[in-house]
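Using the hints, position chain B against chain A.
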Amino acid sequence: MTEAVIRVGVIDDHPIVLHGLEKALHEQENLMITVTATDLGNFFDGQEALPDVVLLDLDLGDGSRPADNIRRLMEAGVSVLVFSAAAHPATVRAAIRAGAAGYITKTDALEDLMSAIRSARSGSGWVSPALAFIMLTDDAPSRPQLSTQEREVLRLYSTGLPVKVVAKRMDLSPETAKEYIARVRRKYRDAGRDARSKIDLRLRAVEDGIIPE
Amino acid sequence: MSTRAQDALAAVLFRGLAVLRALAAVFTVSYVAIWWGALYHPRPWALVVPGIVAAWNLYCAVAAARRAPPRAVVVADIVIGCLVGLTAPWTVPDASVGDTSSWVLLAVLLAGMNAVIALRAVWALIAMVLLGAAHLWPAIDYRPQVLTSTALMLFVGAGLSQATARLRRVALEADSWLAAVAGRARAETIAVARARADRAHERLLHDTVLNTLAGLSLGGAVATGAADSETLAQVRSRCRRIIALVEGSLDGLRTGDETSGDPDVLLDARVAELAEDATTDGLTVTVGFTRTGQPRWPERAAPADRPSVLTEEQIPADVVAVLTAALREALRNVQRHSGENSARISVTRWTDGVQLRIDDDGRGFDATRFGPDPLSAVPGGGDHHPEDIRLGITRSIHGRMADVGGWAQIFSTPGLGTRVELNWQRPHSPMVPPADATDLRQSYERAARRAAGVAVVVGVSLLALPAVAYRGLSPPSVAALAPFSPAVSLVLWLLVAALATWGVAIIWRRPLTVIEALVTQGSTVLLVLAGAAATSGGDVISIYNWVAIAAPALLLLPVTVSRPWKQWAGGVIAVVVTQLVLGLGRVGTAPLELVRLIGTLYGFSVMQLFIAMIWPALRTTAESVIRAARLDAELDAGQAAAAAVRRDRARRLARLNRDVLPLLRAIADGLADPTDESNRRLYAGRARAVRRMLAGSGGRAGPLAELETAIDAAEARGVVVTLQVAGDFAAIPRDARDELVDLLSETLEGAPPGRVTITLLSGGAFGEGYVSYPATVPPPGRFTGGSDQPAKRVDTGSRSISVDASVEEGTAIVELRWPLLPPDPPQPTPTDERHQENPNRGKTANVPCTRTRDVAP
Chain A
1 MTEAVIRVGV
11 IDDHPIVLHG
21 LEKALHEQEN
31 LMITVTATDL
41 GNFFDGQEAL
51 PDVVLLDLDL
61 GDGSRPADNI
71 RRLMEAGVSV
81 LVFSAAAHPA
91 TVRAAIRAGA
101 AGYITKTDAL
111 EDLMSAIRSA
121 RSGSGWVSPA
131 LAFIMLTDDA
141 PSRPQLSTQE
151 REVLRLYSTG
161 LPVKVVAKRM
171 DLSPETAKEY
181 IARVRRKYRD
191 AGRDARSKID
201 LRLRAVEDGI
211 IPE
Chain B
1001 MSTRAQDALA
1011 AVLFRGLAVL
1021 RALAAVFTVS
1031 YVAIWWGALY
1041 HPRPWALVVP
1051 GIVAAWNLYC
1061 AVAAARRAPP
1071 RAVVVADIVI
1081 GCLVGLTAPW
1091 TVPDASVGDT
1101 SSWVLLAVLL
1111 AGMNAVIALR
1121 AVWALIAMVL
1131 LGAAHLWPAI
1141 DYRPQVLTST
1151 ALMLFVGAGL
1161 SQATARLRRV
1171 ALEADSWLAA
1181 VAGRARAETI
1191 AVARARADRA
1201 HERLLHDTVL
1211 NTLAGLSLGG
1221 AVATGAADSE
1231 TLAQVRSRCR
1241 RIIALVEGSL
1251 DGLRTGDETS
1261 GDPDVLLDAR
1271 VAELAEDATT
1281 DGLTVTVGFT
1291 RTGQPRWPER
1301 AAPADRPSVL
1311 TEEQIPADVV
1321 AVLTAALREA
1331 LRNVQRHSGE
1341 NSARISVTRW
1351 TDGVQLRIDD
1361 DGRGFDATRF
1371 GPDPLSAVPG
1381 GGDHHPEDIR
1391 LGITRSIHGR
1401 MADVGGWAQI
1411 FSTPGLGTRV
1421 ELNWQRPHSP
1431 MVPPADATDL
1441 RQSYERAARR
1451 AAGVAVVVGV
1461 SLLALPAVAY
1471 RGLSPPSVAA
1481 LAPFSPAVSL
1491 VLWLLVAALA
1501 TWGVAIIWRR
1511 PLTVIEALVT
1521 QGSTVLLVLA
1531 GAAATSGGDV
1541 ISIYNWVAIA
1551 APALLLLPVT
1561 VSRPWKQWAG
1571 GVIAVVVTQL
1581 VLGLGRVGTA
1591 PLELVRLIGT
1601 LYGFSVMQLF
1611 IAMIWPALRT
1621 TAESVIRAAR
1631 LDAELDAGQA
1641 AAAAVRRDRA
1651 RRLARLNRDV
1661 LPLLRAIADG
1671 LADPTDESNR
1681 RLYAGRARAV
1691 RRMLAGSGGR
1701 AGPLAELETA
1711 IDAAEARGVV
1721 VTLQVAGDFA
1731 AIPRDARDEL
1741 VDLLSETLEG
1751 APPGRVTITL
1761 LSGGAFGEGY
1771 VSYPATVPPP
1781 GRFTGGSDQP
1791 AKRVDTGSRS
1801 ISVDASVEEG
1811 TAIVELRWPL
1821 LPPDPPQPTP
1831 TDERHQENPN
1841 RGKTANVPCT
1851 RTRDVAP
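Sequence order for the protein chains is A and B. Note that the working numbering gives residue 139 to position 139 of the first sequence, counting from 1, and the numbers run on in steps of one. Note that the working numbering gives residue 1709 to position 709 of the second sequence, counting from 1, and the numbers run on in steps of one.
Calculated from the structure, these hints are not laboratory results. Warning: the hint list may mix true and false statements.
To be verified - Just some of the chain B residues that point at chain A, by a computed CB distance under 7 Å:
{"#": "1", "residue": "L1210"}
{"#": "2", "residue": "N1211"}
{"#": "3", "residue": "T1212"}
{"#": "4", "residue": "A1214"}
{"#": "5", "residue": "G1215"}
{"#": "6", "residue": "G1220"}
{"#": "7", "residue": "L1694"}
{"#": "8", "residue": "T1757"}
{"#": "9", "residue": "T1759"}
{"#": "10", "residue": "Y1770"}
{"#": "11", "residue": "S1772"}
{"#": "12", "residue": "E1808"}
{"#": "13", "residue": "T1811"}
Said to hold, decoys possible - So the derived label-pair ranges between C-beta atoms look like this:
{"#": "14", "chain 1": "B", "residue 1": "R1241", "chain 2": "A", "residue 2": "A140", "range": "32 to 38 Å"}
{"#": "15", "chain 1": "A", "residue 1": "S173", "chain 2": "B", "residue 2": "L1671", "range": "53 to 59 Å"}
{"#": "16", "chain 1": "B", "residue 1": "S1678", "chain 2": "A", "residue 2": "S173", "range": "40 to 46 Å"}
{"#": "17", "chain 1": "A", "residue 1": "V5", "chain 2": "B", "residue 2": "D1742", "range": "49 to 55 Å"}
{"#": "18", "chain 1": "A", "residue 1": "S115", "chain 2": "B", "residue 2": "E1247", "range": "38 to 44 Å"}
{"#": "19", "chain 1": "A", "residue 1": "M74", "chain 2": "B", "residue 2": "D1742", "range": "44 to 50 Å"}
{"#": "20", "chain 1": "A", "residue 1": "R143", "chain 2": "B", "residue 2": "D1712", "range": "32 to 38 Å"}
{"#": "21", "chain 1": "A", "residue 1": "D13", "chain 2": "B", "residue 2": "A1272", "range": "52 to 58 Å"}
In this text the structure is predicted, and so the values were computed from the model without any measurement. Using N, Cα and C, we set each Cβ at its ideal position, and we do this for glycine too.
Extracted from the complex, chain A is given alone in its bound form (with noise of 0.2 Å):
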């Protein structure tokens, strides 16, 4: 069977990257660049079919905030993948609990931005070595309690370990390691959403004067 075309869309403020991505992704296959924009504003002017996949910069340059852009974004329909030069790892933590399906970096090489754009497409999320080592010296107080084993499996993996050899040194399945993976993401993206619901039921007792603003 024929694999799907991912459209995919760009937003970045900085044209030459908007450029080079343009030649490299259009050089892919079964991949079709269908936007790219400088800003959310850019992005959504006369979009009628939105992309699967959506690059975005973190630092769109216009006082814009990460989380709200993911968020509009998500809103929209679309996956996002975080795309960023040298992002804090606060920011890229940030991103994730925002409900971002993964982060790559732009110096990463073309193939991992590859698998990271099919991931999120397909639903999965990308957990790159870099994001799953952004997580673990996450020292937050907020940060979401993670188990031993997945603390342990991040730790191996976020080492640059392949998921077969995390998975035999704890005595584990690879399927059972990618999904102490894919659990501690979840896990972010959940305590995002937390937070969320909390800002919006506190909004709420502020209208409705249960407790004062």
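Then chain B, alone, in the frame of chain A:
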């Protein structure tokens, strides 16, 4: 400028004087009432002068209670004092001329005290001599009392002069320190604002560089159809813009040339050079150099830290460069704006700092409008209005000084010239601020107690004169003492001296306890009674009874400087009541004796009151010093952090300049084809290097900076290195760190082209590292001993690091583990937000250190 300690001291002195004035007015009225029948009733014109004096005293009491009297009032006071002294033979009865218990002496004495408090030392001395002469000369025939009263006046004036000079010096130092620290704080505010702006600017710069390199590596310069030349032109233009930005940032970081040699000599030479240059340009400049050989603020150094021999600490070369640059600006300012053709430069060198002061007598300006507030300090703006130009210079001076942790102060008033002070102090040890204001206040109080102790010793020694000179002149009122009459006076002096010595010995170390105070007060009352027993009739309030009229003031001084007011006032009241009962019982209604009695009690009481009032001033001074010390310490901590951040920034920019700018220049100049495949790989490698640098993970500015050389070499062979670092690498012992760098470098050297991931985690009691890359054979070199799974401990010869090497599932893995140093004791954490700039901060917590796999033996 805040002058709280000096204000408090001045307020205390003038209010104390106001109290004395008010009581002097009461005394004058009482005096007139007592002598009413004998003098003032028959000769009403004699009332004119005491009336004026009483009114003048009341006026001064009211005026001085609110604020320091104007210079004219002080001069008028001295003139009135002299006139009162000169006219004494006509305004007081003959018996009272030159006497200690006369409103004349009080008027003269208070004018002298006013002069001591309000005037400079030399003018105060002249005033005291004039007043002393005016008091002595008309009453010269009324010896010995005129000699006693004149000596008393001069003694009080000299004592007050010494005390106020000392207190003023302490208050002045506290205030000047606080003011200077406040200046530094303002400069620091600018520095923080600048740092924030620079940080944002640099973040943008690095982000732009990184994105450009990443975009080029992806093929961002590869043309699509007809837009070939347009795309390339845009890329070139962008490269040129980045080059200009990096070069601009590098210029901003350069604080001056770092010429070798003794910076002090260099500073002196530069100052002289600049003065000469300015003279050549038509400005006459005089230069003065002062080396104090002392620290600027002695309180800054805790006694334990203070070396016995004070040596000058060298001024850093960058500070010299900034000082001379700011001096140049200041001299230019004089030339352009002052309207004067002369200026004075004063260089003051303390052991721990330096000040360059530039004075001119030009037209001046409103300096309060050009303070170093952060908003006005933000660089930029193209103002051409003269005042704006001056504002620009002000910014420039403040900004330059702030860059090296110094500060500038500009004092100017329209029409009254300008003074620019450029200050730099070496940061001092963290233990400088005393624990709290109480400690320092206690220290000041100890100094004040000791000063009082010295006064007591001197006073008691002087009392030996009447004790010897007037011994036996007044027959004892107690008959039993008559046979020993001449010796009684000497015995009493010995008792007074013993009591005083005991009190002084205690207050030299600590305040008197309640019991000791009660013993002192009781003994003093007993001595007053003994004095009365040793003299007869009206002599009880004459100099023959020096034990009662002069000694109590000295004997109770240790109590006054030790105990709360209720306790010392109790002793004063006890002595006053005793003297009053004894005096009134002996002198009856004799006017001279009555006024002497009142005068004695007045002098004794106000002296204790005046001394007790010093304490609030000491408290305020202590608080000023503490505030300055705390602020100073915070600033030093911030300054040290800022210096580290500055060095870090400089390294990052230098690396951009070295590694990236040549590539971008080649593109901008058309010498390199950015679409070329090999060039694109180069851009990708540089982009990864910039990324590593920004993440603080191995670049020149990050931990394990030494590793970057090996990474560069590996990248040149086609290895793509991903470096991930978490934790504090300062905690790695030096030998382990060197070994780690060697092992990692060796691993990288043996890694085949392709992806290599290096992960370093440092935290808890040990650190761990992993190097992984696709391979089917174990890592070469020292790791050759490793075989296929399971991982095997490799003997690398390292004493500090354990190494496991293995190949699993087509991946070569080198695992390293090393011990860490115990964490440093917690340091004070300054709140300066510039600390957040340091990319290596905040990465120490929660580094996972669990290992589930045992290392094979």
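Hints and how they fare:
Below 7 Å, beta-carbon pairs count as interface contacts, and B/L1210 has one with chain A at about 4 Å; its hint therefore holds. The restraint placing B/N1211 at the interface with chain A holds, with a minimum CB-CB distance near 4 Å, inside the 7 Å limit. Satisfaction of the interface hint for B/T1212 is found here, the shortest Cβ-Cβ separation to chain A being roughly 6 Å, below the 7 Å cut-off. Interface hint status for B/A1214: upheld, as the beta-carbon distance to the closest one in chain A is roughly 4 Å, under 7 Å.
With 7 Å as the threshold, the beta carbon of B/G1215 comes within range of chain A, its nearest partner Cβ sitting at about 3 Å, so the hint holds. For the restraint placing B/G1220 at the interface with chain A, the shortest Cβ-Cβ distance is roughly 3 Å, inside the 7 Å limit, so the hint holds. For B/L1694, the suggested interface contact is upheld, since its CB lies about 4 Å from the closest CB of chain A, less than 7 Å. Residue-level restraint check for B/T1757 holds (minimum Cβ-Cβ distance to chain A is 3 Å; threshold 7 Å).
Because the smallest distance between the Cβ of B/T1759 and any Cβ of chain A comes to about 4 Å, under 7 Å, the interface hint for this residue holds. Below 7 Å, beta-carbon pairs count as interface contacts, and B/Y1770 has one with chain A at about 4 Å; its hint therefore holds. A cut of 7 Å between beta carbons decides the hint on B/S1772: the least distance to chain A is about 4 Å, and the hint holds. Look at B/E1808: its Cβ gets to within about 5 Å of chain A, closer than 7 Å, so that hint holds up.
Interface restraint check: B/T1811 against chain A, minimum CB-CB distance 6 Å, threshold 7 Å, status holds. The beta-carbon spacing between B/R1241 and A/A140, approximately 37 Å, falls within the hinted interval of 32 to 38 Å. A C-beta distance of roughly 55 Å is found between A/S173 and B/L1671, which places it inside the suggested range of 53 to 59 Å. Evaluation of the 40 to 46 Å hint for B/S1678 and A/S173 yields a pass: the beta carbon distance comes to about 43 Å.
For the hinted restraint 49 to 55 Å between A/V5 and B/D1742, the CB-CB distance of approximately 50 Å keeps it satisfied. Our hint of 38 to 44 Å for A/S115 and B/E1247 holds, since their Cβ atoms are close to 39 Å apart. For A/M74 and B/D1742, the Cβ-Cβ distance of about 48 Å falls inside the hinted range of 44 to 50 Å, so the restraint holds. For A/R143 and B/D1712, the hinted distance range of 32 to 38 Å is satisfied, since their beta carbons lie about 35 Å from each other.
The hint said 52 to 58 Å for the Cβ distance between A/D13 and B/A1272, and at roughly 54 Å that hint holds.
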